[in-house]
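Asker: Spelled out, the chains give:
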Amino acid sequence: MKKASIIAIATAATFMAGAASAATLDDVKAKGFIQCGITTGLAGFAAPNDKGVWEGFDVDFCRAMSAAIFGDASKLKYTPTTAKERFTALQSGEIDVLARNTTWTLSRDVKLGFEFVGVNYYDGQGFMVKKSLGVSSAKELDGARVCLQSGTTTELNLADYFAAQGMKFDSVLFDTADEVREAYLKDTCDVYTTDQSGLYAQRSVTPNPDNHVVLPEVISKEPLGPLVRHGDNAWGDIARWTLNALIIAEELGITSANVDEMTGSKNPEIQRLLGQSGDLGEQLGLDPKWAYNAIKMVGNYGEIFETHLGQDTPLKISRGLNQLWSKGGILYAPPAR
Amino acid sequence: MTVDVPGMSEGAKVSPFRDPKVRALFFQILVIVTFLAFVYYITDNTITNLEKRGIASGFDFLTQNSGFDIGIVLFVDYNAQVSTHGDVLLIGIINTLAVSLSGIIFATIIGFIFGVLRLSKNWLVNKIAAVYIEVVRNIPLLVQLLFWYLAVLLELPNVRDSAKIGESIALNNRGLSFPSIVPEVGFWIIPVAFLIGIVATVFISRWAHKRQDETGQPFPVITTGLGLILGLPILAALVAGMPFGFEYPTMGRFNISGGWVVKPEFMALFLGLSIYTGGFIAEIVRSGINAVSHGQTEAANSLGIKPSITMRLVIIPQALRVIIPPLTSQYLNLTKNSSLGTAIGYSEIVAIFAGTSLNQTGQAIEIIALTMLFYLTISLIISVFMNWYNKRIALVER
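Those sequence lines, one after another, are chains E and F. Quick note on numbering: the working numbering labels position 336 of the first sequence as 580, and the sequence is numbered without any gaps. Quick note on numbering: the working numbering labels position 36 of the second sequence as 908, and the sequence is numbered without any gaps.
The hints are simulated quantities; they were obtained by calculation from the structure and are not laboratory data. Check the hints yourself; a few may be wrong.
[Unchecked claim] Label pairs and their in silico Cβ distance ranges:
#	chain 1	residue 1	chain 2	residue 2	range
1	F	GLY1038	E	PRO460	39 to 47 Å
2	F	ALA1163	E	SER376	54 to 62 Å
3	E	ASP422	F	GLY1038	33 to 41 Å
4	E	PRO558	F	ILE1000	43 to 51 Å
5	E	PHE277	F	GLN936	33 to 41 Å
6	E	ASP523	F	PHE931	48 to 56 Å
[To be verified] Here are the computed lysine-lysine pairs in the DSS-like style, where the Cα-Cα straight-line distance is at most 25 Å:
#	chain 1	residue 1	chain 2	residue 2
7	E	LYS465	E	LYS383
8	F	LYS1036	E	LYS430
9	E	LYS571	E	LYS560
10	E	LYS412	E	LYS383
11	E	LYS275	F	LYS924
12	E	LYS355	F	LYS924
13	E	LYS273	F	LYS924
Owing to the predicted nature of the structure, the values given are computational and were not obtained by experimental measurement. For each residue, glycine too, the CB sits at the ideal point set by N, CA and C.
Isolated chain E (complex conformation) (with noise of 0.2 Å):
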């Protein structure tokens, strides 16, 4: 199954013809709906919830894709995708926009021809072990069998974090997130290791949270954000600027329940981004209205965050990183004027 999707896939980058890269906003005009990839399920980020509608912080950043452009933030078709699955597809015009925790590097910038709109979530390769192995640093894993997903950036990060530290390792490797779980839960892996914000989303899912614990050692960098096709840039400023606005409007203090209250106000930033005053949703080809419809209907960065993955929520993540730069994090959005 797995093959026939991938070579699919292939085919379908083989047929396409230029109409997908020329001018994605018309496309997603024209169709109505933007087709945005996400996990195939990693809870807080991208999972569907019991009535079957998929939800989550990845998924909110569609939403407001949806919002600004259409004015309604249900405009959309998801596609789960693996971590292998999802360049092609983005490749292929198969989506127009992917929203799954992906890390930013690089050659996937250049020789993958994408273009990363922004950081949503920064992030570190973390691993995860049993308590009751008795181990409280990554140092101490030599020779312990780890499970991961394939085609990640882990993959290669495990590989260079185990020769740097000069120890030895075994691995088994999965295409989703569950089955990596499965099989770690079963015991035959010891460690579990991915973006910190996964283990903890996986962590919450199994049956006793608390007989696992997340080490303290992050491995690398993996700033993640959404991702577009390289080329259309009118297409990816609205995506890197929707993002932007949900994070200027938690600066600027402005959430989905003063909203319409703020649209009053007398601050001139706060003035542009609503569309009170100025043409920036001229600019980027969309409704004066684009980031206070965002905002309205799927809330701040802020929001977001702690709708899916803060402490009310089962994963309980703290701010950190990703907390706003003026109040010691290093989330920071170029002003929007």
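Assemble the complex: chain E is given as a structure, and chain F must be docked to it using the hints.
Answerer: Positioned in the frame of chain E, the structure of chain F alone reads:
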């Protein structure tokens, strides 16, 4: 070919529209031109689109460093820091071949045993074979693989409470560990003795065949051959004073290290493939045996030949002619199905090369093309071999 058209005498002008030769030529050229135009369109479109999106193409990536680890590496050295994507391709090929070949051998053994049992007159034996065949043939292979992996092999004891046979053989949900043989000086004599055993067996078999043709006296080739192939290396080892040592698996903090280990990912794929395909082979064997006229059995019986020899020397050789062609396609299926190993973490070509390498380099078209080329080559080689074998055993008409 000349065509006689009524009312047209030899040499008279035929309108080119009505000339079958011209028409045939025209349509053939039309088809070829359309096909070439289609190929040109696809190639050109692909190249244009790749360039437009700034995606690199070509086969240079095969010499680039891979940088990731592979779970199962046989026969070659692999190091994530220095090995290349070309090495990944090689390891993928070796791993695919390893599981396919061992699967083909085991599936054939299972298939022949159950195919013969299915024809047994003993009710119980017959039904057991029937249940096996019907169950495995009617459950999708992927489900069976997940069953073997998740429900059987990963449910084995934890590595810390391994089931042990003696001190040095341990079975747990990370595989079967056993001592490895470490060659010492003078080890070469053992493989050499093994090879001599095989060569000697081939000659003895030829000689025995000839003698039987001339005198009618049979010679126990199988027992003699086994004796030579196994006995000579043992003798050589004794004479050379056991030129090898053992490395015993030892329990580390996390894992058993040292020795040899058969990993559950390999085991699950091997069992799943061979038991699944074995069911199909059993049906092929049964139908092959049924295709041999019952008169053959009766004739052999009336000559006073033992039933076991009747089966081995009268029925099976004739049945093979019916069995081999469909058996070939089962072998091909098994090889191609090995790509499902990607679902249970086995490092075969689709998982590591068309999976990880593709993802790291992003060169879908080149990698998928190479992978398809590999499967095509293997399938053709198996077909050629089986066709050769089929010809060899075909009925020689005199």
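Asker: All hints, please: hold or fail.
Answerer: These are the hints, each one checked on the structure:
1. GLY1038/F - PRO460/E: 39 to 47 Å: holds, 41 Å
2. ALA1163/F - SER376/E: 54 to 62 Å: Because 60 Å falls inside the window, the suggested range holds.
3. ASP422/E - GLY1038/F: 33 to 41 Å: Roughly 38 Å apart at Cβ, these two residues keep to the hinted range, so it holds.
4. PRO558/E - ILE1000/F: 43 to 51 Å: Distance hint for PRO558/E, ILE1000/F holds at roughly 49 Å.
5. PHE277/E - GLN936/F: 33 to 41 Å: Because 38 Å falls inside the window, the suggested range holds.
6. ASP523/E - PHE931/F: 48 to 56 Å: Between ASP523/E and PHE931/F, where Cβ atoms are some 49 Å apart, the hint holds.
7. LYS465/E - LYS383/E: At roughly 18 Å apart (the allowed maximum being 25 Å), LYS383/E and LYS465/E satisfy the hint.
8. LYS1036/F - LYS430/E: holds, 20 Å
9. LYS571/E - LYS560/E: holds, 19 Å
10. LYS412/E - LYS383/E: Holds, because 11 Å separates the two Cα atoms, which is no more than 25 Å.
11. LYS275/E - LYS924/F: holds, 23 Å
12. LYS355/E - LYS924/F: With Cα atoms ~12 Å apart, LYS355/E and LYS924/F stay inside 25 Å; holds.
13. LYS273/E - LYS924/F: holds, 23 Å
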